[in-house]
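Chemist: Sequence:
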Amino acid sequence: MTRELPYVAAMNEALHLEMTRDEDVLLIGQTVGEEHYESFKEFGSARVRVTPISETAEIGMATGAALAGKRPVVDATMAEFLLVAMGQVVNEANRVHYMTGGQLRAPIVIKAGYGFAAGWAGQHTSAPYGMVMGVPGLKVALPSTPADAKGLMATAVRDDNPVLYLHHFLLLLERGPVPEGEYLVPFGVADIKRPGSDVTVVATGWTVHRALAAAERLSDEGIDVEVIDPRTIAPLDVETILASVARTGRLVLVDQATRHASVSAVIAGEVAEHGLSSLRAPVVQVTALDTTLAYSQPMEEYVLPDEGKIAAAVRQVAGVKAGAM
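Residues in the sequence shown are numbered from 1 upward in steps of one, following the UniProt record's numbering.
Rather than coming from a laboratory, the hints here were simulated on the basis of the structure.
Predicted model, so just to flag it, every value in this text is computed and none were measured.
Among these hints, one or two may not hold up.
[Claimed, not checked] Distance ranges between label pairs, derived from CB positions:
| no. | residue 1 | residue 2 | range |
| --- | --- | --- | --- |
| 1 | 104 | 302 | 34 to 42 Å |
| 2 | 235 | 298 | 34 to 42 Å |
| 3 | 269 | 175 | 33 to 41 Å |
| 4 | 220 | 53 | 44 to 52 Å |
| 5 | 292 | 77 | 13 to 21 Å |
| 6 | 87 | 179 | 36 to 44 Å |
| 7 | 282 | 239 | 18 to 26 Å |
| 8 | 260 | 296 | 21 to 29 Å |
| 9 | 312 | 42 | 30 to 38 Å |
By construction, the Cβ of each residue, glycine as well, lies at the ideal position given by its N, Cα and C atoms.
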């Protein structure tokens, strides 16, 4: 059975279920005592800990707790805040399992919002997942729907090593069908959000919805677009993308991150190496420009991907086919 839930409620439902299921799951962070975590008070102050305003402290606490056998979930609020504790995220917790020959593990979920493209200017609008997707020992989830938000959270909590769980701020109130009860979405399995035969579009997070809107617009023009959401970028399901490109022969990549620090650039490299013979047109990337977002809505719109830019990119690759016929 499913019912409609906002994205944020789906995330919290998964976490609440996991804390009920496993008493070793902890919730820590600067904001976990606020209203949006009201239902978690039943777990008591021993398991729901408000931390100092220090990302280094909260992630350090989580690493220690994980090594002692707990499963901490850290709400770091914003992805930019993680940058001050990056050493612990990419050079400590993620390497423990490997450097102890599997004797120790660090089951930590670090949850943070990203990409607040709503006039929040330079230091609250980043999409920094590209810089961590290749870090050994660190998994990265980017749910785009309420159902995936629930399923990926549950899977993250149960993982025995660190998971960076990034949710887009502008998706938090979006509603969608969510399964009741226990629900898990496996890591490394992409989801075809819309099947199609003419062009493959791979989009992440918030841009998935922009891609779906563009696909609906293009269907009226006779272009059948397949939209794929990787859901996790580490591990990345390259096989599903390659299979789609083999069917369509054309690929557009959509990513809110800046072009040269994007998931799209990595996917483009994989397709160039393993799927070049399938391509009937050059790959086109629709990403943010390589610049800091300005405190200006027109400038913000100029820099970021949107439905119109995606549609134009799809027409471009489809037009190569038409011109060659």
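Chemist: Each hint needs a verdict: does it hold in this structure or not?
Modeler: Taking the hints in turn, this is what the structure says about them:
no.	hint	result
1	104 / 302: 34 to 42 Å	48 Å, violated
2	235 / 298: 34 to 42 Å	38 Å, holds
3	269 / 175: 33 to 41 Å	36 Å, holds
4	220 / 53: 44 to 52 Å	50 Å, holds
5	292 / 77: 13 to 21 Å	20 Å, holds
6	87 / 179: 36 to 44 Å	38 Å, holds
7	282 / 239: 18 to 26 Å	22 Å, holds
8	260 / 296: 21 to 29 Å	23 Å, holds
9	312 / 42: 30 to 38 Å	51 Å, violated
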